[in-house]
Amino acid sequence: MRFAFTDDQKMLRDTVRDVLQRECGPEVVRSVWEGRPEAAAAVWATLAETGVIGMTASKDAGGLAMSELDSILPFEEIGYAALPGPLVDTIAVGIPLLDAAGTNSQKDQWLESVATGNGKIIVAFEDQAVVPYADSADVLIAERGGAPHCVPMSEVSVVPEPSVDRARQLARIDFEESKAHRMRDDVDGHALLSLAKERATLATAAQLVGLSRRMLDMAVQYAKDREQFGKPIGAQQAVKHRLANALIQQEFARPMVYRAGWSMATSQTTNEIDVSLAKIYAGEAATFVAKQALQVHGAIGYTIECDLHMWMKRAWALAATRGDAAFHRERVGRQVL
Amino acid sequence: MRFAFTDDQKMLRDTVRDVLQRECGPEVVRSVWEGRPEAAAAVWATLAETGVIGMTASKDAGGLAMSELDSILPFEEIGYAALPGPLVDTIAVGIPLLDAAGTNSQKDQWLESVATGNGKIIVAFEDQAVVPYADSADVLIAERGGAPHCVPMSEVSVVPEPSVDRARQLARIDFEESKAHRMRDDVDGHALLSLAKERATLATAAQLVGLSRRMLDMAVQYAKDREQFGKPIGAQQAVKHRLANALIQQEFARPMVYRAGWSMATSQTTNEIDVSLAKIYAGEAATFVAKQALQVHGAIGYTIECDLHMWMKRAWALAATRGDAAFHRERVGRQVL
Amino acid sequence: MDLDFTADEEAFRKECRAWLEANVPTEALRSGDTREGFRQHIAWENVLFDAGWAAVSWPKRYGGREASLVEWLIFEEEYYRARAPSRVTQNGIFLLAPTLFEFGTDEQKERILRPMARGDVTWAQAWSEPNAGSDLAALTSTARRVEGGWRLTGQKTWSTRATFCDMAYGLFRTDPAQTRHRGLSYFMFPLRTEGVTVRGVDRLDGDEGFAEIFLEDVFVPAADIIGEVDQGWKVAMATTSSERGLTLRSPGRFMATASRLVDLYHRHRDRSDPVLRDQVIQAWMDAQAYRWFTFQTVTRMMQGESIGADSSMNKVFWSEMDVRTHETALALIGELLELDEGAESAVDQGQWMKGFQFALAGPIYAGTNEIQRNIIAERVLGLPRK
Amino acid sequence: MDLDFTADEEAFRKECRAWLEANVPTEALRSGDTREGFRQHIAWENVLFDAGWAAVSWPKRYGGREASLVEWLIFEEEYYRARAPSRVTQNGIFLLAPTLFEFGTDEQKERILRPMARGDVTWAQAWSEPNAGSDLAALTSTARRVEGGWRLTGQKTWSTRATFCDMAYGLFRTDPAQTRHRGLSYFMFPLRTEGVTVRGVDRLDGDEGFAEIFLEDVFVPAADIIGEVDQGWKVAMATTSSERGLTLRSPGRFMATASRLVDLYHRHRDRSDPVLRDQVIQAWMDAQAYRWFTFQTVTRMMQGESIGADSSMNKVFWSEMDVRTHETALALIGELLELDEGAESAVDQGQWMKGFQFALAGPIYAGTNEIQRNIIAERVLGLPRK
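Protein chains in written order, with the working numbering: chain V, 1 to 337; chain E, 1 to 337; chain X, 1 to 386; chain Y, 1 to 386.
In short, the hints are calculated from the structure, not lab data.
Careful: at least some of the hints might be erroneous.
[As the list claims (entries may be wrong)] Capping the alpha-carbon separation at 30 Å, the derived lysine-lysine pairs in DSSO-like fashion look like this:
(1) V/59 / V/179
(2) X/386 / V/291
(3) E/224 / E/291
(4) Y/386 / E/231
(5) X/386 / E/231
(6) E/224 / X/109
(7) V/224 / E/179
(8) Y/109 / E/231
(9) E/59 / E/179
(10) V/291 / V/197
(11) Y/386 / V/231
(12) Y/109 / Y/234
(13) V/231 / X/109
(14) Y/109 / X/386
(15) E/291 / Y/386
What you are looking at is a predicted structure, and each value in this text was computed from that prediction instead of being measured.
Using the sequences and the hints given, assemble the complete structure.
Okay, structure coming up:
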């Protein structure tokens with residue numbers, strides 16, 4: 001029993017953190033928010049250079065063949081920075097699916113270009129009414145009739161459906177199915193899609209942890225800086241206890257997410273329930289921290305001039321997506337009771 | 001629309017309050033707690049003299065023919081004092097049942113003596129596994145086969161079942177049914193028993209409000225008196241907010257209870273749901289206030305030397321009796337949804 | 001105690017309902033916190049005033065109906081039930097007007113009230129300053145006495161709809177030798193005049209609901225002080241108490257939200273788990289609790305009692321109930337909750353997310369709930385200040 | 001990261017489980033907080049020690065097995081799973097011993113540890129005083145230097161099981177010229193000696209679990225100070241941190257409670273509404289969360305990190321989880337929840353109400369949760385003290 005990341009995993013986290021700190025300040029997120037998704041393009045390119053975009057690709061495909069556990073900390077950092085774009089879909093879900101189920105021609109067309117940062121994948125499961133980042137993606141991997149399909153975005157119709165998080169370009173999508181879209185039929189497409197759903201959920205949970213940490217950092221900083229009644233508001237016991245509660249909820253969510261990463265990476269029999277626990281705790285922590293951070297900020301937090309709102313809205317969206325609390329609690333409940 | 005008690009109702013409340021303040025200090029409750037139920041006998045007698053015990057009896061029976069609304073404030077005061085004894089059973093439930101469904105001989109034997117304080121009624125509905133105060137009662141009114149029965153306690157077997165609230169002598173009871181026990185068969189016994197259940201629930205809710213008020217008073221006083229770190233603990237914002245939350249929950253429960261009293265007294269069609277709302281809010285307020293009061297008291301509140309525990313345990317017991325939160329929430333839910 | 005409405009009250013309700021059914025615009029107006037929507041709402045306020053419904057509890061001479069507090073609550077219930085437009089005049093009618101009734105001169109009342117209630121002159125509050133939010137007494141804006149009046153200088157913030165309004169009111173330090181609560185006066189001042197700059201600030205939901213107001217030597221005639229010079233704190237406190245209490249958030253609003261929630265529940269029953277069902281029940285019950293608490297309070301007021309710090313309990317209760325109710329709605333909606341107004345697939349046109357964001361301001365504005373709990377603890381329970 | 005147990009760890013678990021299955025008394029002992037029960041529990045402690053299970057993480061020379069922290073957690077999981085008796089030696093083994101290991105002399109360790117772990121000499125903590133609870137530095141008990149040692153005078157309170165114990169430990173002011181945290185020393189002192197009066201105080205659940213200790217000129221040899229004279233605060237703080245943290249409440253305890261709750265749920269399924277079902281799930285999940293958080297912490301410790309103020313998060317989490325879990329159990333039981341131990345109709349012999357009352361102390365003792373949240377805010381988040 002050893003519950004800690006390896007030095008390699010931490011080094012990768014530090015790499016991602018450095019890139020995002022340098023290249024993805026709040027002003028970048030804000031630019032995307034205001035309708036300029038190209039503002040994040042350079043970040044994507046730098047991440048690709050460091051190997052993060054292709055990290056889950058097999059070595060044959062020029063990737064690092066990294067596991068779900070290896071990608072947990074990078075996704076946490078991506079959440080911390082609120083970097084917009086189909087990162088989960090591309091890294092955690094799309095590349096492994098393409099690698100495992102793509103035909104040779106699909107792989108030739110997409111795998112290397114995506115893994116090296118020259119293309120973006122979005123993934124649509126059949127239970128999704130809308131998908132994010134369709135505007136900026138190059139290829140869609142879609143579940144249809146229980147089987148995976150690989151469709152160039154040029155063949156996909158996209159109807160925007162604005163999200164409250166304007167950096168998440170949501171859309172309804174549709175496509176005319178053709179033979180060329182079908183992925184390999186000599187693999188168990190259903191099983192791969194199931195696995196893909198768990199991976200999407202896990203990576204989303206990791207992002208939620210990062211969002212939570214950032215909102216808490218913002219609130220703590222604000223509580224130290226803002227003075228009322230002649231002292232920092234962070235000296236008020238009510239503010240202290242509010243932020244202490246936020247920290248507790250966040251810190252008890254983290255090991256749940258890390259553990260789910262390990263369960264996925266080592267194919268534990270409990271991995272579905274572990275992923276559900278991760279999503280429940282991470283989602284509840286992030287929305288709870290959001291609420292505390294907003295209350296600590298007061299009126300300033302209630303404006304779109306303050307950066308907080310971009311993280312808060314991402315947290316609301318991600319907590320409800322890839323199975324909301326009701327869905328995952330029910331899944332846990334069926335196992336436990 | 002006028003949501004206020006009359007001067008008469010308030011005068012009656014003041015009378016009860018004065019009697020209890022004078023004669024039912026915590027030491028009286030403690031005596032009963034320690035196994036001397038006779039310690040409360042004088043209080044019962046004084047209450048009878050003021051007419052409170054017989055208040056619900058019809059004028060024919062020498063009572064004041066007072067309504068469920070009239071008895072709300074007295075029961076709140078009884079809760080405030082934590083006076084032990086079958087007050088709800090006798091005043092709110094037993095006397096009106098005896099009055100409405102008693103045979104002439106049952107009434108002759110019990111009604112006047114009970115109404116004047118010379119006897120105590122306990123009431124047992126069929127869904128009750130245990131009943132309180134069987135030890136100190138003179139007559140039992142029991143639901144059996146859906147019909148009310150009136151049984152002298154001398155004919156009832158009583159097996160004690162200790163409550164965590166030692167002032168509430170709980171017991172399992174049983175009796176051999178005989179013809180003499182049957183109450184009048186020319187009245188709708190089923191309807192009277194249903195009404196009796198609502199009355200028992202309502203009076204219990206009123207007691208819970210009183211219990212809550214007393215615990216909050218104790219906690220506020222303690223917070224003013226107890227000093228730590230060179231100042232009263234009540235100057236700490238965490239203590240302030242805890243007690244403010246307690247007050248809010250309590251004060252929003254009160255009108256729900258008063259309203260249910262009015263609904264019962266005026267036979268509104270909504271009276272079942274109104275009684276459920278009263279019980280839910282009063283029960284949750286009392287248990288919430290209990291928890292806050294204990295935390296404010298700290299270790300001292302955690303001993304049986306401090307009076308608080310007697311109120312706290314009564315609150316736990318009453319919140320769960322006459323239908324707990326789950327029961328009443330379901331009853332409300334069926335109406336609302 | 002008589003919780004039935006009187007025949008007069010029932011008649012009043014019937015009249016409200018009939019008028020609203022006939023007059024409430026069938027098509028939803030744009031948000032009153034946008035420029036275009038504000039104009040639409042003002043047109044509605046004109047209609048409302050001309051029919052005598054703009055300020056039902058006011059004296060008839062100012063355009064009211066001299067309705068009792070209970071009748072006012074009935075009006076509100078009917079207003080929200082009819083889903084009538086939100087009141088962009090509320091910072092005038094519900095916050096400034098009570099102050100004028102208590103402290104204003106006859107001249108001020110004659111001049112100000114009717115145009116305010118009709119929406120001909122619109123009012124914004126100007127309480128906070130960048131460094132005086134919760135700590136209102138830390139304000140630094142000043143008023144300098146000049147011939148015939150005063151010159152105001154300083155900066156105000158979180159001024160709701162000030163970008164669209166004509167006038168504002170707030171506190172300024174008239175005695176520079178005094179600090180904190182002393183030496184302040186309560187001014188009404190124009191927003192469209194020389195020396196005033198108003199900068200809109202977008203709210204969480206993207207609407208331009210707030211503004212900053214910059215004042216540089218802005219002239220205000222002496223007649224536009226309310227109450228006595230240097231007594232502004234006392235005058236203002238009367239207003240903040242009505243802001244917290246009944247007038248800002250009457251139960252009708254939450255009863256309407258609760259019934260819309262029940263309706264949403266029925267439409268989403270397929271995905272709603274039993275825990276959400278219970279939360280829907282809780283939301284409905286809480287709206288009831290708030291209603292009965294309010295009728296009890298109103299009865300106390302009608303019997304001449306003053307409510308004072310008790311109104312802080314109202315504020316905490318309704319603001320937190322409103323957040324919980326919207327959270328429950330969003331949980332019922334599930335994954336699609338993030339869809340914004342204008343998204344075709346949005347449930348109920350995205351109004352629940354919009355309402356949720358609006359509700360989140362509840363625990364912050366009109367005195368944060370932290371401040372309210374301090375008030376409850378200190379003034380109602382008597383706990384020591386320090 | 002490897003969340004599987006190693007072969008050695010699995011073997012250790014197997015050994016624990018086998019021994020406990022063979023040795024845990026089949027009939028429940030009386031409460032260890034009653035005189036008779038205390039005696040029964042001590043007999044059990046003897047058995048435990050003689051088999052080498054009393055303090056698994058201690059060095060072998062003191063009767064331990066030099067188990068790793070992970071192995072200690074495994075032992076605890078097995079111990080609670082087996083429903084073995086509660087540890088009446090815990091205030092010695094888990095609170096005093098860590099202090100002795102860090103600050104004690106070799107002589108002290110040789111003399112004290114084995115009898116402590118075997119239950120031959122039993123230990124009570126004596127931290128609080130009537131006017132020094134949360135504010136421990138306000139204590140007024142003194143130690144006067146005399147030939148060969150010290151004379152202790154003062155009053156201690158909330159001393160768990162001091163009525164039954166042989167010895168106690170606590171802080172006394174050795175330098176009368178100093179105040180607050182300065183000039184205190186950490187003493188071990190006898191409870192059955194001249195000048196000591198112990199008065200039992202009944203807990204909420206009626207057991208005589210607490211005591212007050214009155215000391216009048218009680219002699220203590222110089223050898224019974226731990227650490228340096230006047231440095232007692234520093235020494236004590238090391239202990240209070242282990243009190244809050246892992247050693248006092250290991251996850252095994254809550255996992256066992258959660259599985260008993262699941263079992264109760266299955267037996268009361270007929271009356272349990274879906275909301276209670278969800279609370280049962282929550283209780284189970286929280287016990288899991290606490291377990292994984294703890295394994296993460298223990299890994300940090302095994303890598304040489306010091307945990308410090310983070311342990312306050314443990315304290316808040318487990319204490320509030322424990323209350324919630326018991327509240328859920330009581331809600332499942334419903335109307336019969338008030339039945340006490342000894343009531344025939346009580347569900348599970350009334351243990352849930354008993355456990356609930358015990359759980360209620362969690363947010364109070366070992367530093368109230370208010371104090372813990374202050375620590376988290378100030379020392380972990382770095383918020384200003386004043």
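So, going through the hints one by one against the coordinates:
1. V/59 / V/179: At roughly 28 Å apart (the allowed maximum being 30 Å), residue 179 of chain V and residue 59 of chain V satisfy the hint.
2. X/386 / V/291: Judged against 30 Å, a Cα distance of about 28 Å means the pair holds.
3. E/224 / E/291: Judged against 30 Å, a Cα distance of about 18 Å means the pair holds.
4. Y/386 / E/231: The hint holds at about 15 Å.
5. X/386 / E/231: With Cα atoms ~8 Å apart, residue 386 of chain X and residue 231 of chain E stay inside 30 Å; holds.
6. E/224 / X/109: violated, 45 Å
7. V/224 / E/179: violated, 79 Å
8. Y/109 / E/231: violated, 41 Å
9. E/59 / E/179: holds, 28 Å
10. V/291 / V/197: Holds - the C-alpha atoms of residue 197 of chain V and residue 291 of chain V are around 28 Å apart, at most 30 Å.
11. Y/386 / V/231: This hinted pair holds, its Cα atoms lying about 8 Å apart.
12. Y/109 / Y/234: Since the Cα atoms of residue 109 of chain Y and residue 234 of chain Y sit roughly 19 Å apart, the hinted pair holds (cutoff 30 Å).
13. V/231 / X/109: Violated, at roughly 41 Å.
14. Y/109 / X/386: Given pair residue 109 of chain Y, residue 386 of chain X is violated - Cα atoms ~47 Å apart, limit 30 Å.
15. E/291 / Y/386: Within the cut-off at roughly 28 Å; holds.
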